[in-house]
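As you go down the protein sequences, you meet chains L and G in turn.
Just so you know, we're using this note's numbering here: the first sequence kicks off at 16 and counts up by one.
Just so you know, we're using this note's numbering here: the second sequence kicks off at 10 and counts up by one.
There may be inaccurate statements among the hints.
Cross-link-like lysine-lysine pairs, in silico, PhoX-like; alpha carbons within 20 Å at most [to be verified]:
1. Lys328/L <-> Lys233/L
2. Lys248/G <-> Lys328/L
3. Lys288/L <-> Lys201/G
4. Lys298/L <-> Lys318/L
5. Lys25/G <-> Lys141/L
6. Lys298/L <-> Lys25/G
7. Lys288/L <-> Lys318/L
8. Lys25/G <-> Lys37/G
9. Lys328/L <-> Lys250/G
10. Lys233/L <-> Lys318/L
11. Lys141/L <-> Lys233/L
12. Lys28/L <-> Lys203/L
13. Lys192/G <-> Lys202/G
14. Lys250/G <-> Lys233/G
15. Lys288/L <-> Lys233/G
16. Lys328/L <-> Lys318/L
Because the hints were derived from the structure by calculation, they are not lab data.
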Amino acid sequence: MTRVLVIAEHDGKRLNASAAKCVGCASGFSGAEIHVAVFADDGAAVASEAAGLANVSRVIQVDNPANSHPIAAVLAPQIAFLASSYTHVLGPSTTFGKDLMPRVAALLNVSQVSDIMLVLGSHAFKRPVYAGNAIVTVEAPAGQPVVGTVRMASYRAVENTGNAPIERPSIDVELPQHTRFISLQAGKSDRPDLQTASRVVSGGRALGSSENFAIIYKLADALGAAVGASRAAVDAGYVPNEMQVGQTGKIIAPELYIAVGISGAIQHLTGIKDAGTIVAINKDADAPIFEIADFGLVGDLFKLVPELEQAVKS
Amino acid sequence: MGLKRVVDYNVRVRVKSDGSGVETDGVKMSINPFDEIALEEALRIRERGEAREVVVVSIGPVDAQQQLRTGLAMGADRAILVETNAAIDPLTGARVLLELVNREKPDLVILGKQAIDNDNAQTGQMLAALWQRPQATFASRLVLNGATATVTREVDSGLESLEIDLPAVVTVDLRLNEPRYVKLPDIMKAKKKPLDQIPLASLGITMGPTSAVTVFEPPQQRQKGTMLSDVAGLVSAMKDKGLL
Numbered sequence: 016m017t018r019v020l021v022i023a024e025h026d027g028k029r030l031n032a033s034a035a036k037c038v039g040c041a042s043g044f045s046g047a048e049i050h051v052a053v054f055a056d057d058g059a060a061v062a063s064e065a066a067g068l069a070n071v072s073r074v075i076q077v078d079n080p081a082n083s084h085p086i087a088a089v090l091a092p093q094i095a096f097l098a099s100s101y102t103h104v105l106g107p108s109t110t111f112g113k114d115l116m117p118r119v120a121a122l123l124n125v126s127q128v129s130d131i132m133l134v135l136g137s138h139a140f141k142r143p144v145y146a147g148n149a150i151v152t153v154e155a156p157a158g159q160p161v162v163g164t165v166r167m168a169s170y171r172a173v174e175n176t177g178n179a180p181i182e183r184p185s186i187d188v189e190l191p192q193h194t195r196f197i198s199l200q201a202g203k204s205d206r207p208d209l210q211t212a213s214r215v216v217s218g219g220r221a222l223g224s225s226e227n228f229a230i231i232y233k234l235a236d237a238l239g240a241a242v243g244a245s246r247a248a249v250d251a252g253y254v255p256n257e258m259q260v261g262q263t264g265k266i267i268a269p270e271l272y273i274a275v276g277i278s279g280a281i282q283h284l285t286g287i288k289d290a291g292t293i294v295a296i297n298k299d300a301d302a303p304i305f306e307i308a309d310f311g312l313v314g315d316l317f318k319l320v321p322e323l324e325q326a327v328k329s
Numbered sequence: 010m011g012l013k014r015v016v017d018y019n020v021r022v023r024v025k026s027d028g029s030g031v032e033t034d035g036v037k038m039s040i041n042p043f044d045e046i047a048l049e050e051a052l053r054i055r056e057r058g059e060a061r062e063v064v065v066v067s068i069g070p071v072d073a074q075q076q077l078r079t080g081l082a083m084g085a086d087r088a089i090l091v092e093t094n095a096a097i098d099p100l101t102g103a104r105v106l107l108e109l110v111n112r113e114k115p116d117l118v119i120l121g122k123q124a125i126d127n128d129n130a131q132t133g134q135m136l137a138a139l140w141q142r143p144q145a146t147f148a149s150r151l152v153l154n155g156a157t158a159t160v161t162r163e164v165d166s167g168l169e170s171l172e173i174d175l176p177a178v179v180t181v182d183l184r185l186n187e188p189r190y191v192k193l194p195d196i197m198k199a200k201k202k203p204l205d206q207i208p209l210a211s212l213g214i215t216m217g218p219t220s221a222v223t224v225f226e227p228p229q230q231r232q233k234g235t236m237l238s239d240v241a242g243l244v245s246a247m248k249d250k251g252l253l
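Okay, chain L solo, but in the shape it has when bound:
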């Protein structure tokens, strides 16, 4: 019997959209019983959101002041404690899951299957290597628990049609004090979340400055889109790191991706190649981004982007 425990990412108030995608991945195991674990200071609101996810049969809510921030060294022993009743423990391949899940795997004495993009069987998976330039089939050892992270761009969120019971077990493990949360500087934005948005507009180095990024925000707002950026634009300081799209930033799969002034380095293309439709606007007709774009437009972005914004609005 396949029993999957999904570790929910959240900010203390709301469930992160990655949880519904992890449940989507877990639903790929035939006949699996899927539980979601919420570790928080007070996880009631997040747990009730998790209980509404389709295919979830139970939510495990673990409240502890030590869980008020997601510190891997604190969460991992609690997850390892719960893991004995499960065949699989899954987390998202976001910075939350990438930080946490290998620590869980080591405590359970197994290697992790990173970035699961397809479930082939209870212990067999497909995942990308070499920045997505090759896809491998991985077989985890039989008879051992599987710890994995789920590649977000490969899965859709399950619907909110569930109504699972919420359980609050007591977890009796010693938690380390050696790692302390100081602060989180989070970008505040009313725009959709980059990782899960259905539309994304990204800008590259060709924008030339932080101020010039305004035309990207305007186009995004006209489309109801999230805003991303290339590594070059982040490195140049035009926008903060959390907006980076690409192999070392966020790997995304929106229905519509508009790349503005982005030449298309391999590491950026790796982050967007699962997008539905890719639109590229660039002054260089030979830019590699045009090799994978569905629609390309060559020209001055400072003229074309405001024109497109007006056309979208009207």
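Following the hints, position chain G against chain L.
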């Protein structure tokens, strides 16, 4: 700090036609770029007088000596190669590093956040778990304050700061620093620096059952689409596809 020998990041990796792996014959091999950033940080810490010695470690074939020599040329004091021709999974790698940590007793282990070949991003976190010490992954800033360190981490929602007790494991992200170039005289000097070779088998590491990679295949390619001449053309193409 750890250095992994990987296919150079500029090489366009291709899957072998029989699906047994990727082409590595005659392909340029380099230090994993994230590990280079980790080494640069270790050197800067030593240059500020906050560390006495920087030891570079690699687990891999005899040829990984080349990457360790490059690390020595960048400025590391000595190198250790744990020699094996086997493919090492992250958990085994973490166990090997733990054994070296127990021997060397470092105050700080700095690793790249991931290697650009397998893209696993596991080894540092696993070492921290086995060592029962703090971890701070995806570091973009590292400040040592005696018995503790303050680490700024690049996370999906922004920048997180953690305070960790030392010893600890830190894995580094791209924006932590820009690694120095190696100068010719340093390459000459590096030849005289100590490089210990230890056969993996002599460490007495028990290897658990590991995952098997059975098939390599190329990814699905996107096709080049349509070039449009103006915004009106783009808007109508997007409308036809139901995107506007």
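Hint by hint, here is what the structure shows:
1. Lys328/L <-> Lys233/L: Within the cut-off at roughly 10 Å; holds.
2. Lys248/G <-> Lys328/L: It holds: about 13 Å lies between the C-alpha atoms, which stays within 20 Å.
3. Lys288/L <-> Lys201/G: violated (47 Å)
4. Lys298/L <-> Lys318/L: Distance ~11 Å between Lys298/L and Lys318/L Cα, so the pair holds.
5. Lys25/G <-> Lys141/L: Since the Cα atoms of Lys25/G and Lys141/L sit roughly 17 Å apart, the hinted pair holds (cutoff 20 Å).
6. Lys298/L <-> Lys25/G: Answer violated: Lys298/L to Lys25/G is near 36 Å, above 20 Å.
7. Lys288/L <-> Lys318/L: With Cα atoms ~27 Å apart, Lys288/L and Lys318/L exceed 20 Å; violated.
8. Lys25/G <-> Lys37/G: holds (16 Å)
9. Lys328/L <-> Lys250/G: holds (18 Å)
10. Lys233/L <-> Lys318/L: Measuring from Cα to Cα gives roughly 13 Å; hence the hint holds.
11. Lys141/L <-> Lys233/L: Given that 20 Å is the threshold and the Cα spacing comes to 39 Å, the pair is violated.
12. Lys28/L <-> Lys203/L: With Cα atoms ~15 Å apart, Lys28/L and Lys203/L stay inside 20 Å; holds.
13. Lys192/G <-> Lys202/G: Answer holds: Lys192/G to Lys202/G is near 16 Å, not above 20 Å.
14. Lys250/G <-> Lys233/G: Roughly 16 Å separates the two Cα atoms, so the pair holds.
15. Lys288/L <-> Lys233/G: holds (12 Å)
16. Lys328/L <-> Lys318/L: Holds. Lys328/L to Lys318/L sits at ~16 Å (cutoff 20 Å).
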